[in-house]
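Chemist: Chains as they are written, first to last, in UniProt numbering: chain A, 1 to 253; chain B, 1 to 407.
Where hints are given, some of them may not hold.
[Claimed, not checked] Listed below are the simulated SDA-like cross-link pairs for lysine to any residue, each with C-alpha atoms no more than 20 Å apart in a straight line:
hint	chain 1	residue 1	chain 2	residue 2
1	A	45	B	296
2	A	134	B	387
3	A	45	B	281
4	A	134	A	162
5	B	404	A	122
6	B	87	B	187
7	A	134	B	388
8	B	339	A	75
9	B	404	A	109
10	A	45	B	306
11	B	111	B	83
12	B	267	B	231
13	B	267	B	355
14	A	45	B	388
15	B	249	B	301
16	A	45	B	83
17	B	160	B	150
18	B	272	B	286
19	B	206	B	111
20	B	206	B	247
21	A	45	B	405
22	B	322	B	362
23	A	134	B	381
24	B	158	B	243
25	A	45	B	286
26	A	45	B	355
27	B	158	B	168
If you are wondering where the hints come from, they were derived from the structure by calculation, not from laboratory data.
Given the structure is predicted, the values throughout are model-derived calculations rather than measurements.
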Amino acid sequence: MMPPEEKDVREEEGSVLRFTRRQRLEHHIMAALFILLTVTGLPQKFSDAFWAGSVVRLIGDLDLMRWLHRMAGFAFGGFTVYFLVFASLDVLRGRAALSMAPFLSDLREVYRGLLWAAGLGPRPAAGRFDYREKLEFWGMLLGSGVMILTGLILYFPIQATRWLPGQVIPVAKTAHSYEAMLALMVIVVWHLYNAMFRPGVFPLDTTIIHGRMSLGRLREEHPLEFERLFPEKAAEEGEEERPARGASDPSPA
Amino acid sequence: MPGPADRIFRRIPPLAALLISPVLGTVFVLGFIFLTLAAMAIIPVKLIRRGRGGRAAGLFLAGAVLLGGPAAWGQAVSNEMCINCHKLPLQMKLKDGSSVSLQIPAADFGKSAHGSLLLCTACHTDIKKVPHDKLEFEDRRALSLHYSRACTSCHGGKFKEFQEGIHWRLLSAGDRRAPLCADCHGAHAITKGGVAKGFTPQACAKCHEKPYRQYETSVHGRGLIQNGAKDVPGCSTCHPSHTGQDPRKMEFRINIPQLCADCHQNKPLMEKYGLSSQVVSTYLEDFHGASISLYREQRNLPPRLTAVCTDCHGIHDILRVKDPDSKVVRENLMRTCQKCHPDASLNFPASWLSHYPPSTTRYPLVFFLRLFYFIFVPAIIACMLFHVGLDFAAELRARRRSRKERA
């Protein structure tokens with residue numbers, strides 16, 4: 001089902017390449033655009049809040065702030081389209097695996113993950129990306145879709161109402177506004193926790209900086225990926241370590 | 001300029017003032033002479049002899065009191081003395097050939113706010129004796145301009161406010177048409193609490209005729225002029241009479257929503273007229289209003305603004321929103337939108353929530369979408385927080401265990 005992922009292992013460093021340079025750059029550009037959009041967008045949603053004026057004065061004036069928001073929005077939309085095109089091309093050419101693809105089995109993983117987190121089961125064995133990463137990836141993509149579409153409607157209200165009833169404008173405004181709140185809160189609660197505050201990675205998961213993950217962490221957090229990349233190692237370790245790991249969990253698998 | 005005597009006599013009826021002024025004046029002067037002489041007697045003679053300055057000062061003081069006192073008090077020209085002549089149909093010829101009536105109906109001034117307080121000479125300071133010299137003016141306006149200075153000596157605070165306004169700027173630029181105090185408040189017949197009564201829309205209409213014609217037929221104008229409603233805005237409600245800024249300026253425009261909010265957010269007042277008191281809050285929630293809130297916060301005023309109340313509803317010609325001629329009645333709304341959005345189509349006006357909060361009947365899509373997000377966002381975030389909390393504890397447990405194993 002999955003085409004083989006490009007294998008870049010530096011045995012001597014004991015690490016494996018998880019994100020290519022292009023992917024890392026994509027993340028940083030997205031993060032910068034997200035922050036810019038948040039800073040220029042929040043004061044527009046909370047226009048009567050006490051801090052809204054300070055942000056406007058910090059940037060200069062409202063017109064400049066709106067221009068920045070729209071340009072960042074266009075960049076964000078363009079970037080999303082670019083990402084979708086190139087990611088699909090990579091998959092079609094067999095250069096990348098469909099490792100982000102969601103499966104029904106991921107729902108089971110969520111259940112197992114909760115059991116583990118509650119101390120009632122073993123750590124679920126994840127592949128290259130676990131369910132938290134998949135949830136965030138697809139949430140981000142769907143949210144971006146909503147934001148880009150509603151943002152375009154709000155930027156071109158005259159053109160939009162030529163084809164659509166007038167009510168789409170306040171509908172788009174509502175969706176844009178609440179979807180943005182959802183995105184911001186998910187980033188803060190979910191992404192920042194998983195990438196910064198989780199005890200294993202605090203203060204920062206540096207994988208996104210240099211792109212590499214240690215073999216130890218890969219074996220612990222993505223054991224299926226580890227088995228796929230190093231079948232012989234996993235086999236020999238499996239004889240000794242699996243029972244030990246199993247014993248360390250409160251209840252066996 | 002009125003002297004100190006005027007300030008005292010303002011509180012005393014003119015006839016009484018007339019009687020007591022010579023008595024008071026004499027007592028005052030004699031008192032001064034006595035005090036001066038007493039002071040000169042008490043000061044050691046040596047001191048005076050040694051310094052000529054001392055004696056000179058003493059003599060000067062005494063002289064000033066002796067000569068200046070009676071001179072200052074001698075000008076007590078009573079109102080009776082003025083009216084004696086000015087009840088007659090006198091005419092003054094002006095240099096431009098016209099003439100002006102000098103007849104002051106006694107009732108006019110007597111019943112005015114100043115009638116029982118002021119001497120005629122409080123304003124007509126150039127009249128020092130009766131009969132007085134002939135006064136000469138270029139024309140009627142020159143006369144008004146000449147006497148307008150009199151108001152400022154008592155009503156200094158109002159004058160200061162007036163100096164901030166556009167009418168003063170016009171006056172000081174030499175525009176003689178700009179209103180003086182008396183143009184709005186009247187001259188001799190100023191009424192008590194005269195500001196409100198003097199400032200009828202008709203007073204402004206003398207110059208601003210076009211806006212007045214519009215105002216006359218507007219919902220506000222009809223309320224005030226035809227129905228005599230006191231809680232309906234007149235000219236000075238929106239154009240502060242003394243500080244009145246140029247309404248075309250951005251400083252004025254950007255505050256228009258606040259201006260309208262003064263009345264339209266007042267729930268009891270709006271209920272009286274069967275109007276919604278939510279028009280301002282719903283405006284501020286929508287795109288135009290949110291923009292205005294932020295424009296008000298930025299350091300420099302913007303070169304242009306999104307729509308404020310008057311851009312859609314009109315200014316002096318505001319009509320009831322259901323009026324078939326109203327700019328915001330459904331049939332005319334598209335044309336109103338097109339003032340700023342020239343390519344707006346027939347669908348476009350519906351994108352404005354018309355000051356209504358969305359409900360199941362009005363803008364149901366917006367209402368239900370909002371409801372969806374009200375449930376969806378907190379649910380998602382609650383689940384995530386739940387997961388994050390459990391995960392945090394589990395990760396800590398796992399870490400402690402592996403540390404123990406290693407040890």
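Chemist: Hint by hint, say whether it matches the structure.
Modeler: Quick rundown of the hints versus the structure:
{"no.": "1", "hint": "45/A x 296/B", "result": "16 Å, holds"}
{"no.": "2", "hint": "134/A x 387/B", "result": "15 Å, holds"}
{"no.": "3", "hint": "45/A x 281/B", "result": "14 Å, holds"}
{"no.": "4", "hint": "134/A x 162/A", "result": "38 Å, violated"}
{"no.": "5", "hint": "404/B x 122/A", "result": "18 Å, holds"}
{"no.": "6", "hint": "87/B x 187/B", "result": "16 Å, holds"}
{"no.": "7", "hint": "134/A x 388/B", "result": "16 Å, holds"}
{"no.": "8", "hint": "339/B x 75/A", "result": "31 Å, violated"}
{"no.": "9", "hint": "404/B x 109/A", "result": "28 Å, violated"}
{"no.": "10", "hint": "45/A x 306/B", "result": "16 Å, holds"}
{"no.": "11", "hint": "111/B x 83/B", "result": "14 Å, holds"}
{"no.": "12", "hint": "267/B x 231/B", "result": "13 Å, holds"}
{"no.": "13", "hint": "267/B x 355/B", "result": "15 Å, holds"}
{"no.": "14", "hint": "45/A x 388/B", "result": "28 Å, violated"}
{"no.": "15", "hint": "249/B x 301/B", "result": "10 Å, holds"}
{"no.": "16", "hint": "45/A x 83/B", "result": "69 Å, violated"}
{"no.": "17", "hint": "160/B x 150/B", "result": "14 Å, holds"}
{"no.": "18", "hint": "272/B x 286/B", "result": "26 Å, violated"}
{"no.": "19", "hint": "206/B x 111/B", "result": "25 Å, violated"}
{"no.": "20", "hint": "206/B x 247/B", "result": "18 Å, holds"}
{"no.": "21", "hint": "45/A x 405/B", "result": "52 Å, violated"}
{"no.": "22", "hint": "322/B x 362/B", "result": "17 Å, holds"}
{"no.": "23", "hint": "134/A x 381/B", "result": "17 Å, holds"}
{"no.": "24", "hint": "158/B x 243/B", "result": "9 Å, holds"}
{"no.": "25", "hint": "45/A x 286/B", "result": "10 Å, holds"}
{"no.": "26", "hint": "45/A x 355/B", "result": "18 Å, holds"}
{"no.": "27", "hint": "158/B x 168/B", "result": "12 Å, holds"}
Going down the numbered hints, you'll see the structure goes against 4, 8, 9, 14, 16, 18, 19 and 21, while the others check out.
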